[in-house]
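In the order they appear, the protein sequences are chains E and V.
Here the first sequence is numbered in the numbering used here, starting from 254 and rising by one per residue.
Here the second sequence is numbered in the numbering used here, starting from 68 and rising by one per residue.
It is worth saying that the hints were derived from the structure and are not from the lab.
On a predicted model such as this, the values are computed, not experimentally measured, just so you know.
Ideal Cβ positions, reconstructed from N, Cα and C, are used throughout, including at glycine.
Just so you know, not all the hints are guaranteed correct.
[What the hints assert, rightly or not] Under 10 Å between C-beta atoms, here's a sample of chain V residues computed to sit facing chain E: (1) Arg74; (2) Glu104; (3) Tyr108; (4) Phe155; (5) Pro161; (6) Glu162; (7) Gly256; (8) Arg257; (9) Leu261.
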Amino acid sequence: MTAMDFPKDGVPISSDGVFDQLMPMHLRLSMDGIIEHAGPTIRKMLGDDLVGQAPFFSLFGVHHPVDVMDTETLFAAANQRIGLILRRKPDLPLRAHLARLPGEDGAIVDISLGLSFVRAVAEFSLTLRDFAPNDQTVDLLYLHEANASTARLSRHLTERLKAAHASAEHQARTDVLTGLPNRRAIDLDLERILKSVDEQFTLLQVDLDLFKEVNDTYGHPAGDAVLRAVGRIFEEELRRNDIPSRIGGDEFLVVLRDVVEPAVAGRIASRIIQRIEQPVTFGNIVCQISASVGIVTSAQYSTRPSLKQMMEDVDAALYRAKNDGRGRYALHASLTYPIQDRRSAIDRRTR
Amino acid sequence: MHGLINRAFQGFVTSTFGEDLWDEVRDQADLPIDDFESMTYYDDALTVAVFNTTTQLLHRPSASLLEDMGTFLVTHPPLDPLRRLLRFGGSTFPEFIWSLEELRDRGRLVMPDLDIPKIAVAQLDKRTFRLSAQWQLPGISAILLGGLRAMADDYGTLAILSLDGREEADGIGTEFLKVELLDVQHAEGRSFQLGEVLA
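Next up, chain V with everything else stripped away, as it sits in the complex:
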């Protein structure tokens, strides 16, 4: 798994539960390094070990921890650049939902080896979408659940999101997520100026 993703998980653990917990995770998971480095690649087994150790130490079901991680990715202030990149997906939440099909290509434009889930969008009726996502580790739909809820808030959209099962075919797991739009323009949403960041 890409260092950026491991590092994001480490950032989530330290910001939410404190450095002490991270030290414990590192010890118990026998992590051979002090910190994950963003610009490199780690064996998936390491990612899994760190994640499983965290859920055990926190006595939390993995789906709920992953959901919190998804929310963290969008709402943690130092990660605002990521929120902004996601907002480029569309000017409304429905447009953004459709842009998730491009997420993998978008990510790869910037980091060709980044593990981004493959997402397909299906519109069931006027206000209901069903997303299917494939990733190399289980749990992507829970991360998306937290992340998309936060993005709906960001757009000022009122929506109900729920996990919608998992299928396994030919060794590839596909996870599903349902998005029901109640009010696209429910609230103001957070500001997104195109030219806000002058780097």
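Chain E with its partners taken away, still in its complex shape:
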């Protein structure tokens, strides 16, 4: 077989030409380790370093096998995988294997990019033509890019799913009519707040008075308008930290964060009642309702209460406010605090 058997881009004039076509990343070394010839791709990679009679070890280091120190030991590593380091780019490990030429003609070292192929291809601006047509490095590059693309698709999918999940979660915790958190949301918030034992707060249970009458007299659309107006009042009257919620048809539960002073809670409750008592216009209907409020604060308990306990106590306070004539608030009567509910107290005296 002669070089004439491989005419591709012109007829090779020597065995070097044949090897250039078959192995564009090969070196031919003399017996004393001089690079006598280099394939076109490795020439591109070595650049200006490859001038004159360059000794192999001036351009390359051998990472393994570890017993390769000079030309003689390098030649002895024929047919093993040789880990090469390009001195001008030591961060791009290369792979090589060596085959002795007959007699005293030296050796051929064929080099491949190994797993550094992505960086190496970019570093040396290699093209499809720099690889032998049957070299699968190009397929590895293809796979590398294709994997990056599918990873991107997966990432986008995950992001969209996360957003959809967050929005579903939000919907599951929101009362559709008022946009306030719902029962489920406030229960979760309260459980969490109760677990952080240092956090003190006040619970207001707000029950609309005369709401049923609005619904019965003017119909549900009017009732809905009233409920939406109440939702807006909570959003306007409470601080950003506080948590309002709609827990039933005409029942609302409010968490006032960091508030335990009954006087402060009472002022807030009074203001909410006042605002709720302002008439709501719906078309040409004017609806007027009021509200009763039960109040309990976390500081009223000597040990951290359960959610159930607090709900029962605030419910009892609300019941008292209703019983005492509605449109007012009542504070949970505990051992820790004397009854602070002045309006109720006055009512009781005057009854």
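Dock chain V against the given chain E, drawing on the hints supplied.
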């Protein structure tokens, strides 16, 4: 049909004809979802319904719409990663044509369930190829026509491409496409650096 293909069609419709048309397609085809998702699989009936609705709304013959879709897949800038993957097929357009026989295997290396057409290449004379393609839905040759025309441009090759009939045997449809090379190195072509993308 794989979500990636449905999603590509949706992308083609919205980028070319606008979101409004897509909304109309979705309504009229009774699509049970807002958007196709790439990384999943849909019933072929859905793909067919969406496609047929689009051709009806646009008053376009299906072959011409599929051809535009093929061009879109190769030339739409955000889809450049796909063009690059195709360019890995060969360093010249003729090499690329031969690589189409590997297209299915190439695709499956990356996405094992992706529906990629089975393509066979026959060389009729020095500059004429005849491709045969099988896919699970009719119309693959029209998509290939648009896509390969765009790829010829990409390589800077002057070529004439034409649909070349359809045969049905044992329930399997085979569509044919003729590629005639006029000038392989007609123009510069678009750049393709192997190491362009460092992901």
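Structure-based check of each hint:
1. Arg74: holds, 9 Å
2. Glu104: With Cβ-Cβ at 7 Å, under 10 Å, it holds.
3. Tyr108: violated, 13 Å
4. Phe155: holds, 4 Å
5. Pro161: This interface hint is violated because 12 Å lies over the 10 Å limit.
6. Glu162: holds, 8 Å
7. Gly256: violated, 13 Å
8. Arg257: With a closest approach of 14 Å, the V:Arg257 hint is violated.
9. Leu261: Check passed: Cβ of V:Leu261 comes within 5 Å of chain E, closer than 10 Å.
In this structure, the earlier hints numbered 3, 5, 7, 8 are contradicted, and the remaining ones agree with it.
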